[in-house]
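A.B. asks: Residues per chain, in single letters:
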Amino acid sequence: MAKIQALEGVEPVTMIDAPARLDYTFTAGRATSRFLKGLEKKKLLGERSAATGKVYIPPRGADPVAGVPTDEQVEVADCGTVTSFCVVNVKFYGQAMECPYVCALVLLDGADVAMFGLIQEMPYEDVHPGLRVEAVWVDDNELSTTLENIKYFRPTGQEDAPLETYKEHV
Amino acid sequence: MRDVAVVSFAQSEHARALPGVNEVEMLMPVIGQVRDQIGLDKSRVGFTCSGSTDYLAGQAFSFVMTLDGIGAWPPISESHVEMDAAWALYEAWVKLQMGEIDVAMVYGYSKTSPGDLPDVLTRQLDPYCYAPLWPDSVSLAALQAQALLDTGSTSEREWAEIASRSRASAKNNPNAQLKGDFDPDVILADEYLVAPLRKHDCPPITDGAAAIILAADDTARELSKRPAWIRGLEHRIDAQSLGVRDLVNVKSLQLAGSAAGVSTGKIDFAELHAPFTYQEVLAKRALGLGADVQINPSGGALAANPMMAAGLVRIGEAADRIMAGEGDRAVATATQGACMQQNLVCVLEGE
Amino acid sequence: MATKGKHRVAVVGIGQTKHDSARNDVSLAGLVREAASRALEDAGMTWSDIDAVVIGKAPDFFEGVMMPELYLAEALGATGKPMLRVHTAGSVGGSTAIVASSLVQGGIHERVLTVAFEKQSESEAMWALSLPIPFQPPLVAGAGGYFAPYIRSYMARSKAPSHIGSLVALKDRQNGLKNPYAHLHEPDITLESIQESMMLWDPIRYAETCPSSDGACAMVLVGEKTADAHSKQPAWVHGTAMRSEPGFFAGRDQVNPRGGQDCSSDVYKQAGITNPRKEIDCAEIYVPFSWFEPMWMENLHFADEGAGWKMTEEGATSMTGDLPVNCSGGVLCSNPIGASGMLRFAESAMQVRAQAGEHQVDGARLALGHAYGGASQFYSMWIVGADKP
Amino acid sequence: MANTNSSDGEVLSAPLTIEYPFRRSTGPILGAFFTGLREGVVVGVKRSDGSVLVPPSEYDPDTAEALDDLVEVGQAGKVTTWAWVVKPREKHPLDRPFAWALIQLDGADTAMLHIVDAGSKDRMKTGMRVALQWADERVGHINDIKCFVPEG
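Heads up: the sequence lines are chains A, B, C and D, in that order.
Counting with my numbering, you get residues 1 to 170 for the letters of the first sequence.
Counting with my numbering, you get residues 171 to 521 for the letters of the second sequence.
Counting with my numbering, you get residues 522 to 910 for the letters of the third sequence.
Counting with my numbering, you get residues 911 to 1062 for the letters of the fourth sequence.
Nothing false has been slipped in among the hints.
Going by beta-carbon spacing under 10 angstroms, a handful of chain D positions derived as facing chain B:
(1) THR927
(2) GLU1000
(3) ASP1019
(4) LEU1023
List of simulated lysine-lysine pairs, DSS-like, C-alpha gap at most 25 angstroms:
(5) B/LYS421 - D/LYS956
(6) D/LYS1031 - B/LYS369
(7) A/LYS151 - A/LYS91
(8) D/LYS1031 - D/LYS1056
(9) A/LYS167 - C/LYS831
(10) C/LYS680 - A/LYS167
(11) D/LYS1035 - B/LYS369
(12) D/LYS1001 - B/LYS369
(13) B/LYS349 - B/LYS369
(14) D/LYS997 - B/LYS369
(15) A/LYS3 - D/LYS956
Hints listed in this document are in silico derivations from the structure and should not be mistaken for laboratory results.
By construction, the Cβ of each residue, glycine as well, lies at the ideal position given by its N, Cα and C atoms.
Produce the entire structure from the sequences given, and follow the hints as far as they go.
C.D. replies: In structure tokens, the structure reads:
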């Protein structure tokens, strides 16, 4: 490098900035759209697989075990059981939540898979598997086609669900 | 080598946008069809391999989601390439060569419509000296096209005729996206998009999926009356830097074609993955194909170009014609990367 | 071209970079070349000796380069040669090595260079792993946020005492001190300092979590003829296996997934292993969060279900135990995601080649390399040995 | 989070932006190239056969042999191929019609990609001479080259 005069004694460049932005139009697909439209009406619509009889929520278009579409819509309850959870205390670029928060796997009554949801209105150290929780929705005038309609889940005050009722999910 | 053949091919409708479905929903019927049309139970598939890329849809791990559409339970032996699925077919063919399995499934797909494809493809380039300039895919192709024009061996008229012929051939292809009668004189009067390329010189932007079943030896004969035997399968890559490459001689395609034995027998027809019209001229030269070879009876990538599947579709289209007895020996190619950087050649024969 | 059927394959060259949080001294090409040229040097080869290149990495959003192998072809001497790019999520480093092996085993090539890398400092792993998805609140915070509930389930199911995770972290970080390439070198670490570290994703503590690293790993895989002519001890491949299962389905056991069980049964069978705990001398297992060591001990049939944590507690997985696990320091000391699986495969090969230096297990003859990815749904494994299979 | 949802028949869609301020380490060879651009010179690297690569790379693109023999090359050269952009895209370096070109600088044996601000397609021709125009503010980046312009 030394033989190039202009480079002698100058601070070398070692890093470059290469910002990139790509804009997309995300399409939810048929099954997810059906689910999202239900959310707009405060309905949680799962989908049952004819192949295995299992109810998926949120539906993603397929029964992954059989590799076939799920197309029978089934309404499930907006309350369920915490099967497991995590207290998040880490920050990252683009994060929307304030730390710490509790992210739990919630098995809604009537569903065969647990979905991720926030748990609030209780101290996070009291969250535990078996806890019965219910969805807290945004105000009716704020409802739209998004899972963000469910602000979070809160304890129902019911007794804990017995392990047998959610054993397959832990 | 072990004798391996294509025994089944299926593809989705190809369209500018299939907004009604997500990737899984687009793929699932294709997977069902490729198995069902030869009565294959999924448990007989010994290896599965797919090709796709996250950047097109703007979703990380898209191949993880599409696994939902193939019924991977009990757990399956499976792999994925971040390449056109023609290379997934290559990986599956290698697994079949090991002699432990007899049937493999390959699929590829992309939803290109969510993003701005020419912008997205700039992200494939050298991230220091090329990508920050955002040189879109059509512009880069135009650089190669101009270099070819400068050799004096082709013309914009020849390219218009290629576009016209391809889209006329596609009229017989129910899955094709862009088809019909285009008079070369009329389309040559169009404005340039990026000179020397006009709109008709460019591939359509396509959403679509495709799948193939490969089988070895007697299993292939059991599953197909006339399997399309793979007699040569080779791929090579060139440097990405356009400034160090010979843009008018696609060395990687020449090398792959020669290693695959394209010229060791008469070729009845070719399915060339040449997304831009002028690339058909380059591909024919690199493979040494004469005027007697029918090119792209399906319409080729100028009629539908589902990224990450279009190369696999070429192999499938060629195999379907062999299986139907419409020819005895064919060549199919796949290309990816700016200006045909990486190429795969597959020679197929009936018996 | 060779005859039909499966051919023998061996590792004769291994290279890795110094792993670090940000390798600001090298370009992307420089990073992969550092590993690849070391592997070639170890193999006594030059770029022109190589027939084909197989490269792997995790999602392209990490570096913001789509299909970066297209740009890296020149840097890896692949011009004019076949090059494949594998991507199977976190297991990719392992599956890349398996694809490279199969090119030799299938009789296609004699000398294959395989490389895996990640340069996570170009962006930020947490960002790349938690890209926004419309219509969904961004609840799950990266891989830790995803796996923490399942770790909690494991703890509940197995009744493992809560200090097991810290014991694994202590062991691996201490092993890492013996590995000059490891990203984290923490000589002052203690069980107390681990237990006092912050809960990031409760029950996962900061010190029980893998770092985010820049790094690469490479190997040269060759056929029997070339390996026999090689002056150094080759690592012979005795078995390779991959398994995938959907990440989300009703009744899925995500603590002890069947994909991992089936994959390990398959690879043991190929290697003629009937008692893995007894026959395997050491293992390099993909443990990004310390609790995965006991979980994988069960999944890999080294321990009965619910008893994996006892191996950790008894010291069986320490360098002086009966099944040393992650003598290199493992993923807990270095995690260039795309390369992490290949590092496990390469470290297992280093053990049976007796080239692991200070973290060598005396007399290791048979070793397991393991990687997993996605929602604990993609598995790749190999068994390598000092003797020909 | 994008929530201006639009409905296309049965199926919902929403805008999605993937954006990151990537920051890349250059390594010594590209680092020298970018340092050169900031200082107003163009740096190449010599291969073992004496030919010069611009932009330089740490490796020979044909043989992968390591390279580090840096040399300075000229700031004008010839266009080896070009493409005329009739309607620039939003992310393109210029917002009026321009040419992409591969430009072989004097003293270099390979061509680099950049743009030629020629005003009109009629001024473009393979083999034409072009001269480098520096950006007003230079930081050590490929965009330190504002463009090339036809010589004379």
